[in-house]
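Peer 1: Listed here are the chains, written in short residue letters.
Protein chains: 2
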Amino acid sequence: MKTIQQDFQVSFSYGVHFTEGLFDKQNTLLADLLRQKSGGTGAAKVLFVLDEGVAKAHPQLTTDIAAYAAHYADTLTAVAAPLLVPGGEEVKNKPAVLNQVLEAVHRFGVCRHSYLVAIGGGAVLDMAGLAAAIAHRGIRHIRVPTTVLAQNDSGVGVKNSMNAFGKKNFLGTFAPPFAVLNDSCFLLTLEDRDWRGGISEAIKVALIKDAAFYEQIKQQASRLVAREMEPMQELIFRCAEMHVEHIGSGDAFEFGSSRPLDFGHWAAHKLEQITNYELRHGEAVAIGIALDVTYSKLAGMLSEAECNDILSLLCELGFDIYIPELSEGLDTPAGKLHILQGLQEFREHLGGQLTIMLLEQIGKGVEVHHLDEGLVTEAVNQLKHWHTEKVLLPTS
Amino acid sequence: MKTIQQDFQVSFSYGVHFTEGLFDKQNTLLADLLRQKSGGTGAAKVLFVLDEGVAKAHPQLTTDIAAYAAHYADTLTAVAAPLLVPGGEEVKNKPAVLNQVLEAVHRFGVCRHSYLVAIGGGAVLDMAGLAAAIAHRGIRHIRVPTTVLAQNDSGVGVKNSMNAFGKKNFLGTFAPPFAVLNDSCFLLTLEDRDWRGGISEAIKVALIKDAAFYEQIKQQASRLVAREMEPMQELIFRCAEMHVEHIGSGDAFEFGSSRPLDFGHWAAHKLEQITNYELRHGEAVAIGIALDVTYSKLAGMLSEAECNDILSLLCELGFDIYIPELSEGLDTPAGKLHILQGLQEFREHLGGQLTIMLLEQIGKGVEVHHLDEGLVTEAVNQLKHWHTEKVLLPTS
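From first to last, the protein sequence lines are chains A and B.
Residue 955 is where the first sequence starts when you use the numbering used here, and the numbers rise one by one after that.
Residue 955 is where the second sequence starts when you use the numbering used here, and the numbers rise one by one after that.
Isolated chain A, as found in the complex:
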């Protein structure tokens, strides 16, 4: 018996760039990026994939993209008009859309040194990112996230995905993007739900890692609610920075069982599914955080004052911290919350031992390997009570 041992490392590198008016002719960011890496082989081929919702909110966008490509014709060639795809989580349930993107890559001869530029919310980026990752074993993928959530969390990381067999993100790969281009102009046209939605991911990462950032969000809460751009840009930058640091300094491709950035997510993923994705990801994460924070308090890990402080902030920002679906299943003969199935699915998705992040204090997460089902039920009931009675929570 003989063995050949293979050991090697692969280096990945990309920038998350913050800009305004990405497709203004004066804005050289995209052209500079493409020029830098084209290796002198002429204009780079670019396939644009565009979220229909974004196209609708920005009717001039396709014209701007065409004008931009014409202006920088020596640097980039748009292989066709942007391919329009449906936005929102539903697109991740549609293999036909994924196939449409792959077919365009094939038809227009987009190669491994050409580019797929996806413009849209997190779901469109997830879907288009998977297409880019598996076509020719990976073509260059540039993400242009258009929501708060995508700009500060999902869009800056290394994952892509589709849903399958009723399981969120069942299909996907780890595939670092070629670049991420965060254009704050896209935030101006967001619905309130989506403006707010991404804030929950910032609260999440602040809670487990950075008490000062949590304080900053708290100080700016009323301005965020009033849709002021400056505090939102600060929030997005810091949140994106923390995500990027976390990925770069740790287990980027998640070979282990620990995924601290999924604080609040085990319940969130299941809630999205139970509500047929009518609850959006950021909204589900807010409820997931509320649940795990309340659980942390009930388990004696987190002070009541800090727990209430967090729930109050979520409410102030306009998040629901409870929806009836959270209690679903409890009054059936089995008498078990459906949400608890999310624990098993979370473990299965991550692999190995169940590992859940809870909170010890604001700014300090702690991992556990077991949740008590009775305590989860009690936490759900407390959230229901607070939500229904609109009890004013005592804060620190």
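Treat the hints with caution; some may be incorrect.
If several chains are the same, the list does not tell them apart, and a pair holds so long as it fits within one copy or across any two.
Said to hold, decoys possible - Lysine to aspartate or glutamate pairs mimicking EDC-like chemistry, simulated, CA-CA at most 16 Å apart:
no.: 1; residue 1: K956; residue 2: D986
no.: 2; residue 1: K1048; residue 2: E1006
no.: 3; residue 1: K956; residue 2: E974
no.: 4; residue 1: K956; residue 2: E1188
no.: 5; residue 1: K956; residue 2: E1184
no.: 6; residue 1: K979; residue 2: E1258
no.: 7; residue 1: K1121; residue 2: E1057
no.: 8; residue 1: K956; residue 2: E1195
no.: 9; residue 1: K1290; residue 2: E1182
no.: 10; residue 1: K1290; residue 2: E1314
no.: 11; residue 1: K1121; residue 2: E1043
no.: 12; residue 1: K1172; residue 2: E1188
no.: 13; residue 1: K991; residue 2: E1184
Quick caveat, the hints were computed from the structure, so don't treat them as lab data.
Since we're looking at a predicted model, the values are computed, not measured.
Once you have looked at the hints, place chain B on chain A.
Peer 2: Below, chain B without anything else, positioned relative to chain A:
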């Protein structure tokens, strides 16, 4: 305008193990591997995916696998009887089979720390490897290659794939396996075509990198034709070793445009497609080598004696160095070989600048960025002549 820069490395590690009788109860290789990495969370879940052709040639195999799992029940749990899938290149054209494997991963709760063990020829490993790579963003994949080609080349590397839109390997990822287990017992039942087929990849790697290995193959040619196991095991080991070394020391995920191990492959891929995959990969590679070697001679890079030496060796081993499909298209009005389209498709698949490996001398490849279409046609005509006239080639 601000930028967050992300730079990180990911480490990969796996062993290519050579064994006999992998599923004999006395053989602890697989059980040891699973025990090593299970992290003390009990028996590892294993989904076996089995090439129907292998199951037919080894009727006792499914029983042996079940008995092995029962014997090592503390270490591994087979989640079901092996999932049988069609073998041969055709399976890579069948998304339904890929979906069947994914569905089994879902149904049996195979997680990121569980295992998909695929047993079969290169095509089955390519397909099952893609399923393993995209389910939950990658479950642990153990390859058990059963052909010479898969044991010494495709099965030991980091790629997987499916065909789509009429393009070979259009879909796929770079995803290092968890381990590769080469069991020489599987070679005993191979058809002559498959026994011979994998030898072409050994000749390929020898030609571009290792003259001594080329001499070794030449010395053992008659024993290889007589299907002696010892020289074949030596050939497979050295060929696998060179592939592993090449991947580990270079551009493992092929971010550049150079792919030296694809010597002879631009024409081979196209020939497989033109013949509807009736020509098998190793057979196509032999013709691709013959073509590029003849081209190298016509371009004044390689001596006539060495060119003839290589063609003679291919013939001695039983390879065709020409088939009529190689000339296809030449007598149409356009008058251009269909095979030449393979150049463009090869460039597109790899990305960037066309980069083709040619030969300067035996053991020394050299990369060029252009092939002369007239010379390719002349090379095809020379191969046709030699093949038709059975001219005895003068060797060094």
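Peer 1: Against this structure, judge whether each hint is valid.
Peer 2: Results of checking the hints against the structure:
In this assembly of identical chains, the alpha carbons of K956 and D986 lie at most 16 Å apart only when taken from different copies (15 Å versus 50 Å within one copy). With identical chains, the CA atoms of K1048 and E1006 are at most 16 Å apart within one copy only, with a shortest distance of 15 Å there and 31 Å across copies. Taking identical chains as interchangeable, the C-alpha atoms of K956 and E974 lie at most 16 Å apart only when they sit on different chains, with a minimum of 11 Å there against 58 Å within one chain. Only between protomers do K956 and E1188 lie at most 16 Å apart by alpha-carbon distance; the minimum there is 11 Å, versus 56 Å within a single protomer.
Only between protomers do K956 and E1184 lie at most 16 Å apart by alpha-carbon distance; the minimum there is 14 Å, versus 62 Å within a single protomer. Taking identical chains as interchangeable, the C-alpha atoms of K979 and E1258 are never at most 16 Å apart, the minima being 53 Å within one chain and 57 Å between chains. With identical chains, the CA atoms of K1121 and E1057 are at most 16 Å apart between copies only, with a shortest distance of 11 Å across copies and 25 Å within one. Within a single copy, K956 and E1195 get their C-alpha atoms only as close as 46 Å, which misses the 16 Å cut-off; across copies the closest is 11 Å, which meets it.
Taking the shortest Cα distances, K1290 and E1182 never come within 16 Å of each other, neither inside one copy (43 Å) nor across copies (63 Å). When the C-alpha separation of K1290 and E1314 is checked against a cutoff of 16 Å, the pair qualifies neither within a copy, at 27 Å, nor between copies, at 72 Å. In this assembly of identical chains, K1121 and E1043 lie within 16 Å of each other by CA distance solely inside one copy; the values are 12 Å within and 30 Å between copies. Taking identical chains as interchangeable, the C-alpha atoms of K1172 and E1188 lie at most 16 Å apart only when both belong to the same chain, with a minimum of 13 Å there against 68 Å between chains.
For the homomeric pair K991 and E1184, neither the shortest alpha-carbon distance inside one copy (33 Å) nor that between copies (48 Å) is at most 16 Å.
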